[in-house]
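Line by line, the protein sequences are chains U and A.
With the numbering used here applied, the first sequence covers 39 to 301.
With the numbering used here applied, the second sequence covers 3 to 330.
FYI, nobody ran anything at the bench for these hints, they're computed from the structure.
Be aware that a few hints might be false.
To be verified - Cut-off 20 Å, straight-line C-alpha distance, at most; resulting in silico cross-link-like pairs (PhoX-like, lysine-lysine):
#	chain 1	residue 1	chain 2	residue 2
1	U	K124	A	K144
2	U	K301	A	K22
3	U	K124	U	K301
4	U	K301	A	K25
5	U	K124	A	K141
6	U	K120	U	K301
As the list claims (entries may be wrong) - Quick list of simulated restraints, FRET-style, between CB atoms:
#	chain 1	residue 1	chain 2	residue 2	range
7	A	D159	U	L282	37 to 45 Å
8	U	S254	A	D159	52 to 60 Å
9	A	S132	U	Y169	49 to 57 Å
10	U	L81	A	G130	53 to 61 Å
11	U	L168	A	N77	54 to 62 Å
12	U	Y248	A	E37	53 to 61 Å
13	A	S143	U	L282	47 to 55 Å
14	U	S46	A	S143	30 to 38 Å
15	A	P46	U	V60	41 to 49 Å
16	U	L104	A	D173	47 to 55 Å
17	A	S132	U	S254	51 to 59 Å
Just so it is clear, CB atoms sit at the ideal spot from N, CA and C, and this is done for glycine as well.
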Amino acid sequence: MNSGGMNSRIGCIAFNTFREAVRDRVLYNLIAFALLLSGAAILVGQISIDIERLVVVNLGLTAVSLFGVVIAIFIGIGLVSKEIDKRTLYTVLSRPVRRWEFVVGKFFGLTGTLVVNTFLMAIGVFLALLYVAHKFEKTDGWVLVALYFIVLQFLIVCALALFFSSFSTPLMSAVFTFALFVIGSLAEDLRGLARITHGIGAWIATAVAYVVPNFSALNVISQVAHGDAVPGRLILYNSLYALLYSAMAISGAVLIFQRRNLK
Amino acid sequence: MTAIEILDLEKTYFVGFWRKRPKLALRPLRLTIEEGEVFGFLGPNGAGKTTTLKLLMGLVFPTAGTARILGADMNDPRVKSQIGFLPEQPYFYDHLSARELLNYYGQLSGMPAKGRSARVEQMLTRVGLSDSAGMQLRKFSKGMLQRVGLAQAILHDPKLVFLDEPMSGLDPMGRREVRDLIQQLRSEGKTVFFSTHILSDAEALCDRVGIIHQGELRGVGAVAELTSETQGKVEIIFCAARVPAALTSLGAEARVSGDMVSAVLPEERQDAALEVLRRERLKLISLTPVRSSLEEYYIQKLRPAQDRNTEDRDAEGREKESRKGAGV
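Work the whole structure out from these sequences, hints included.
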């Protein structure tokens, strides 16, 4: 089995996952997003107290993040378990498809769905921004960086959902992933707590702070809403961190799935 | 050449939440299937048929033992491009149409893009789904899904086809079509390994059968041999409204059906029985030796081991007595 065949199989599984999400009307969330954002833009436009841009960027990016995380968790937890329950996996794994190729293909399919979803939402955010501010400013470019960080968050959430679903029930996988998302969003606070605590408490806080994914470092929404720049070093660091963390979670999922009996 | 060589494949599951208890699903299984053979794997529900197929497909991992498929280790991914598999009660991606699904499986099987679409259309026609090829599978009936399942199993022209209960859930017409398909595969020189608990299907299609029960292979035999064995009895059918008393005194087990009588009696009393019919001026319709059926073999193999041993001992005893009587 050559690498061309391997890439083709992963691509094929990824495309099928994307197609399934689209046909299961996952992108319908865009309607809710569009209604929320246009409502907010009209409301802010009427109030007009020079915080239009701040409100639209804050609200828009937070909505992009939350909608995406919900999709990532709810589809991610079923990526493997649904295929086992429905036995659709049997006719896939009886072909020259390795188990790790299946897991990686599913991961790429879901992240692809989220990238497309985020791209369409990003267009909405910029249209709302144009509506309230009537023009784009140079600092609006940082909104793109914030969107990129949101996509990095999705990579980690998808990988975690996939990891938990490789050994746990969908409900428990959702609970674990969401809990990690919440704790990870407070990772910087946890690190601060570790610095001011002593003894075992400090050890535990440090361990938790470094084990959970650091979503707070990936959240620059407030910063870009105020028009502040994002340092290039942070972009590089966050990119490497997200890739490494996702790769580790996916590797864990693969290791567990490789040994799993599909009863 | 050997198509499948199962070498002491064994599977034990561990069930329970806190205290895991072992549950034996398959006792060490040793079985060989030759290329071009249609092999029927028979057994009641829960006998271990699906577990065996899942082990061979790499869907579950053996506790011990291994198998060779088409000369290679069963875990060798290259082997999988030469095998087709239809799971029991298959379920497919219902967001896809039959055409899209077959294209997807074709890609996963490594079929070259050139010619894939034509092959997909050919398969859809072969299983009678060309008219509903563009319809999403969520709108398909159970029988239609089974046809899609068959199409995906043979799409990439595999040398070896595994079918798990292929007739399950099909109407008589659908069953007939599956039978025809298996016969076509045989004529194309493919090896077919299929599990079923419908004995008439196995008897009509298989070269050999294996009987499995409670995870244990109870017997393997060629269908032609099993069904050609005579039982030392003959069945005489003749025209009469009642059973002649002389025939009953010969030890015949007779049934009256309308104006016909069917009587089964030991082969050595056949001449005496014909003499009775001649004497009573009754019209003989037929006289045939009673042959074993696959059903009898199946039931015999499914009986608990103790019963079978007792039966074997009885048979041995009878044989010794007859030898003594004959002065051997």
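Is the Cα-Cα distance between K301 (chain U) and K22 (chain A) 20 Å or less? OK: K301 (chain U) and K22 (chain A) at ~16 Å, within 20 Å.
Regarding S254 (chain U) and D159 (chain A), is the given constraint of 52 to 60 Å on their beta-carbon distance met? Check passed, 55 Å falls within 52 to 60 Å.
Using the Cβ atoms, figure out if S46 (chain U) sits within 30 to 38 Å of S143 (chain A). Taking Cβ atoms as reference, S46 (chain U) and S143 (chain A) lie about 33 Å apart, which means the hint holds.
Satisfaction of hint between K25 (chain A) and K301 (chain U), Cα-Cα up to 20 Å: Holds, at about 13 Å.
Straight-line alpha-carbon gap K120 (chain U) to K301 (chain U), limit 20 Å: holds (13 Å)
Range agreement (Cβ of E37 (chain A) with Cβ of Y248 (chain U), hint 53 to 61 Å): With a Cβ separation near 58 Å, Y248 (chain U) and E37 (chain A) satisfy 53 to 61 Å, so the hint holds.
Between the alpha carbons of K124 (chain U) and K301 (chain U), is the straight-line distance 20 Å or under? Measuring from Cα to Cα gives roughly 11 Å; hence the hint holds.
Between S132 (chain A) and Y169 (chain U), does the C-beta distance stay in 49 to 57 Å? The hinted range 49 to 57 Å holds for S132 (chain A) and Y169 (chain U), with Cβ atoms some 52 Å apart.
S254 (chain U) and S132 (chain A) - C-beta distance against the hinted 51 to 59 Å: Because 57 Å falls inside the window, the suggested range holds.
With 37 to 45 Å as the target window, see if D159 (chain A) and L282 (chain U) comply at their CB atoms. holds (43 Å)
Is K124 (chain U) close enough to K141 (chain A), meaning Cα to Cα at most 20 Å? holds (16 Å)
Falls inside 47 to 55 Å, the C-beta gap from L104 (chain U) to D173 (chain A)? holds (50 Å)
Hint compliance for this structure: no hint is broken.
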